[in-house]
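One letter stands for each residue in the lines below.
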Amino acid sequence: MKSKLKLSNLYLTLVFVIIYLPIAYLIFYSFNTGDTMDRFTGFSMKHYATLLSDTRMISIVLNTVVIALLSALLATVIGTLGALWINQLKQRTMKNAVLSVNNVLMVSPDVIIGASFLILFSFLGFKLGFTSVLLSHIAFSIPIVVLMVLPKINEMPKTMLDAAYDLGATKWQTLSRVILPSITPGIFAGYFMAFTYSLDDFAVTFFVTGNGFSTLSIEIYSRARQGVDLEVNALSTLMFLVSLLLVVGYYLLEKYGHTRKINRNKMMKGPNAQ
Amino acid sequence: MGTQKKSFFVIPYLLWIALFVVAPMALIVYQSLFDITGHFTLGNYTDYLESATYLKMTFNSVWYAFLITMVTLVISYPTAYLLNQLKNKRLWLLLIILPTWINLLLKTYAFIGLFSQNGSVNDFLRFVGAGSHQILFTDFSFIFVASYIEIPFMILPIFNALDEINPSLVNASRDLGANTWQTFRRVIAPLTMPGVKSGFQAVFIPSLSLFMITRLIGGNRVITLGTAIEEHFLVTQNWGMGSTIGVILIIAMFVVMFLTRERKGKGGQSR
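Chains A and B are the protein sequences, given in the same order.
If you use the working numbering, the first sequence corresponds to residues 1 to 274, in order.
If you use the working numbering, the second sequence corresponds to residues 1 to 271, in order.
Hints in this document: simulated from the structure, not taken from any laboratory.
It is possible that some hints are incorrect.
Capping the alpha-carbon separation at 27 angstroms, the derived lysine-lysine pairs in DSS-like fashion look like this [to be verified]:
no.	chain 1	residue 1	chain 2	residue 2
1	A	K255	B	K56
2	B	K87	A	K158
3	A	K95	A	K171
4	A	K6	B	K87
5	B	K87	A	K46
6	B	K89	A	K6
7	A	K255	A	K158
8	A	K90	A	K171
Per the computed footprint, the stretches of chain A lying under chain B, defined by three or more beta-carbons under 8 angstroms from a beta-carbon of chain B, are [what the hints assert, rightly or not]:
no.	stretch
9	11-21
10	24-31
11	149-163
Calculated from the model, a selection of chain B residues having no Cβ within reach of chain A, i.e. all distances over 12 angstroms [stated by the list, open to error]:
no.	residue
12	H39
13	F40
14	L42
15	E50
16	Y54
17	K56
18	F59
19	W63
20	F66
21	M70
22	D175
23	G177
24	Q182
25	P190
26	G226
Computed from a prediction, not measured in an experiment: that's the story for all the values here.
Where is the CB? At the ideal position from N, CA and C, for every residue including glycine.
Between the sequences and the hints, there should be enough to build the whole structure, so can you do that?
This is the structure in structure tokens:
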């Protein structure tokens, strides 16, 4: 039994090492004084200095962040409205049909999404660049927002809505005072997912970005094709830290949403107990 | 509840469905019916079906996607199983998922360094006396890196399936005299099949359409359907043929989803 336990721990350790080794490797060599990922010749921050003085890279980082923030925001608004609409559909077949259509972009391979959006933009005579990338990112983020928000709407007790209407609330008041506050965790989760989808995307952007506009993934791709460049390592270290912060933020948010739910349940149980 | 006001709010969402879900899919089929000079023809499909190169490429792409999926499954199943027995399993699972939040390009780029002629893996091989090898731009490196990237998407659904198993089922099986292997084969394995299936979907379909890793790591030795589409669209500008391969990829996707569909009405979650 003991040797079995050890073997299983060894296996898990190995898996974790393999998963994290490449990332650790990138971060380690970002502090190299040399210019390759072959030999570590000494500690230096010079690649970070190069990165910070690289105005082209900084503007690309800004582009990427602006696209991610904007596309996630718009996708969250559209997706939440979509989820509210899907929820109030009466017919089950209709509901399922809309949900399947909603999920088409979730299951489609990136290349298909990219290629078909490229055809769409050229068909409409749309100029490729910032707007086409932004629209594409909004488009592929909407379904995930719907999927994150919809369960929260379903979780909501029907009696709460009835209570709101009984107490004389208008539709708008019910939406803004009752529905939206109780589905906020889902909306935030949707926004986070949309944000990371956008930051992470390479394939779709690769198709719909023209010559003038570039995001981080595209830039890293073109640099990686030319070989190793430790400025990319420095960048990846910073991006790793950002992802870590995002994950911790997301984790805390989930917890916060959870405790809120518990509090709500307590509140609802309170009067009953009396 | 369906009043005029409500339908006004839903316009953006319906517009999205029309413009970015229905229209692109229709357009890719439409585009596949035109040749490079813009003439309406079924030629792309006949070309595709008659060309040994295209058929071989498709076969190769499916084969490599299958290999990648199998490698990920073989590594992921024991990992998910063992993770599920740990104390803080949610935290460990989070650590498995964490790398998926790191940009795909960066992970791929790391392997260019690791696998290069003077990279760390070759240093290690020389150190243990195995000599240096060409690792980058081989089939091995392609499958390794693709599996590396897909592993979390396989672990997650299997982990969830294992997590949902009622422990009393396992206890019952033990009480009835089954040994560990029998319990696994007769109880745990069948109950985790939905998880394995959604993992299969989540890995196989993206593996068919990989195109960046084939360039950076595979050195264009392996041409997947994804690479072929990308080249037709962005390099040779033959959108008709690119769309035709796209339609083939969509068909392949439906076949995979049909083969791995859930037969019972029980809901499982992927990704």
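Structure-based check of each hint:
{"no.": "1", "hint": "A/K255 x B/K56", "in the structure": "violated (50 angstroms)"}
{"no.": "2", "hint": "B/K87 x A/K158", "in the structure": "violated (37 angstroms)"}
{"no.": "3", "hint": "A/K95 x A/K171", "in the structure": "holds (22 angstroms)"}
{"no.": "4", "hint": "A/K6 x B/K87", "in the structure": "holds (15 angstroms)"}
{"no.": "5", "hint": "B/K87 x A/K46", "in the structure": "violated (42 angstroms)"}
{"no.": "6", "hint": "B/K89 x A/K6", "in the structure": "holds (17 angstroms)"}
{"no.": "7", "hint": "A/K255 x A/K158", "in the structure": "holds (24 angstroms)"}
{"no.": "8", "hint": "A/K90 x A/K171", "in the structure": "holds (18 angstroms)"}
{"no.": "9", "hint": "11-21", "in the structure": "holds (count 8)"}
{"no.": "10", "hint": "24-31", "in the structure": "holds (count 3)"}
{"no.": "11", "hint": "149-163", "in the structure": "violated (count 0)"}
{"no.": "12", "hint": "H39", "in the structure": "holds (17 angstroms)"}
{"no.": "13", "hint": "F40", "in the structure": "holds (15 angstroms)"}
{"no.": "14", "hint": "L42", "in the structure": "holds (18 angstroms)"}
{"no.": "15", "hint": "E50", "in the structure": "holds (23 angstroms)"}
{"no.": "16", "hint": "Y54", "in the structure": "holds (16 angstroms)"}
{"no.": "17", "hint": "K56", "in the structure": "holds (19 angstroms)"}
{"no.": "18", "hint": "F59", "in the structure": "holds (18 angstroms)"}
{"no.": "19", "hint": "W63", "in the structure": "holds (17 angstroms)"}
{"no.": "20", "hint": "F66", "in the structure": "holds (16 angstroms)"}
{"no.": "21", "hint": "M70", "in the structure": "holds (17 angstroms)"}
{"no.": "22", "hint": "D175", "in the structure": "holds (19 angstroms)"}
{"no.": "23", "hint": "G177", "in the structure": "holds (19 angstroms)"}
{"no.": "24", "hint": "Q182", "in the structure": "holds (17 angstroms)"}
{"no.": "25", "hint": "P190", "in the structure": "holds (22 angstroms)"}
{"no.": "26", "hint": "G226", "in the structure": "violated (4 angstroms)"}
In summary, the structure is inconsistent with hints 1, 2, 5, 11 and 26 from the numbered list given earlier, while agreeing with the others.
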